[in-house]
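S.K.: Sequence:
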Amino acid sequence: MADPLASLAATIVRVFIPPTMVAGVVGNSLNIAALTRSKLYHHACSRYFLAQSIDNLLFSIVVLTFSLLTFGYSNDPSNICLYCCKSIQYVIGVIIVVSPQFVILASVDRFCASSFDAGRRKLSNVTVARWSMTIVEIIFTLFYFSTFILMDLQIGVTATCSIRVATLYSRMYPIIQALLVGVIPPILMAIFGFMTIYNTKQARALPDSTSSFRRTEGQLIRMVLLQVSSHFILCAPFATIYIMGFLPVQVFSLSTYYFIYKITALPYYLTYTTTFALYILSGSIYRNETVRFMRKVFRLRCKIEVRPIFDDRTMNRQIHVTGPGQITEYV
2 MADPLASLAA TIVRVFIPPT MVAGVVGNSL NIAALTRSKL YHHACSRYFL AQSIDNLLFS
62 IVVLTFSLLT FGYSNDPSNI CLYCCKSIQY VIGVIIVVSP QFVILASVDR FCASSFDAGR
122 RKLSNVTVAR WSMTIVEIIF TLFYFSTFIL MDLQIGVTAT CSIRVATLYS RMYPIIQALL
182 VGVIPPILMA IFGFMTIYNT KQARALPDST SSFRRTEGQL IRMVLLQVSS HFILCAPFAT
242 IYIMGFLPVQ VFSLSTYYFI YKITALPYYL TYTTTFALYI LSGSIYRNET VRFMRKVFRL
302 RCKIEVRPIF DDRTMNRQIH VTGPGQITEY V
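Residue numbers (the working numbering): 2 to 332.
These aren't lab readings, by the way, just hints derived from the structure by calculation.
List time: in silico EDC-like cross-link candidates among lysine to aspartate or glutamate, alpha-carbon distance up to 16 Å:
#1 K87 to D153
#2 K87 to D77
#3 K202 to E218
#4 K40 to E218
#5 K123 to E218
Ranges of calculated distance between the beta carbons of each label pair, as one might list FRET restraints:
#6 I244 to K123: 35 to 41 Å
#7 G120 to P78: 46 to 52 Å
#8 L70 to V127: 37 to 43 Å
#9 T241 to V27: 28 to 34 Å
#10 S75 to S230: 31 to 37 Å
#11 K123 to R172: 40 to 46 Å
#12 I234 to Q203: 24 to 30 Å
These figures come from a predicted structure and were not determined experimentally.
We put the CB at the ideal spot given by N, CA and C, even for glycine.
Work out the full structure, taking the sequences as your base and the hints as a guide.
M.R.: Here is the structure:
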């Protein structure tokens with residue numbers, strides 16, 4: 002007999018994830034379009050947001066598809082073969098862990114940009130942003146190579162992709178992953194977020210020569226702080242339940258634990274798919290650039306090229322070009 006909690010969780014997952022995927026793909030695509038516009042692209046913080054949006058777009062496509070198949074339809078693609086087991090877990094692990102690191106870097110950047118110390122303010126620049134993102138990507142890409150050693154296809158009643166439990170590192174690996182995703186990022190975001198708030202309260206007057214640039218910097222601070230708060234709220238329940246799975250004392254029954262695990266994962270997914278809404282709410286410069294981009298796209302789609310009617314007497318017909326690829330012929 003099927004577990005009613007498992008059936009309920011699967012139903013909720015099938016209802017929740019598809020619209021979340023759509024919101025993530027559309028929202029992060031608009032993020033990428035807006036953040037590459039000149040008014041935002043030349044700010045260091047925007048580079049972190051851009052890198053995060055690219056990673057979140059991959060999350061919305063790859064990770065949410067995997068979660069829908071695994072938790073919604075009990076069809077885990079990583080169980081197909083050993084190569085799928087190792088490669089899928091590697092790709093998903095890197096995608097999940099990198100995004101919150103970019104938020105941490107953005108928080109540090111806003112702290113430096115709002116600082117009274119000139120040396121710290123100099124650290125808020127595009128060159129530092131490029132190097133920081135490159136180093137983070139290299140570190141976690143290399144760290145997750147251990148997935149190819151740890152993950153294995155366990156053959157029982159059915160093939161299951163899981164971690165080998167033969168070594169101490171294999172037992173510590175899930176805990177390290179939980180710390181990297183659900184514990185360390187919120188703590189660091191909160192620390193640098195509070196220090197940024199303190200800096201902004203201490204300094205209000207800005208030079209006139211850089212007022213426009215500094216106004217954008219101030220709006221980027223609000224965007225970071227709102228995202229940090231949202232990440233903490235949405236991530237905390239899932240991180241708590243995930244870590245409880247490694248406690249020596251069993252708090253819930255196995256079926257209850259997996260039900261809570263799957264349900265608390267759903268708001269956690271929103272940390273990767275709702276950044277567009279957060280940016281729209283917190284930054285007028287972002288709203289304006291998004292509107293300008295959408296107007297530009299709309300004009301390109303709706304623009305009709307009108308050319309005069311000409312008479313081809315040799316063929317005894319008239320051709321009227323009404324738009325790109327649109328030709329009306331009158332004989």
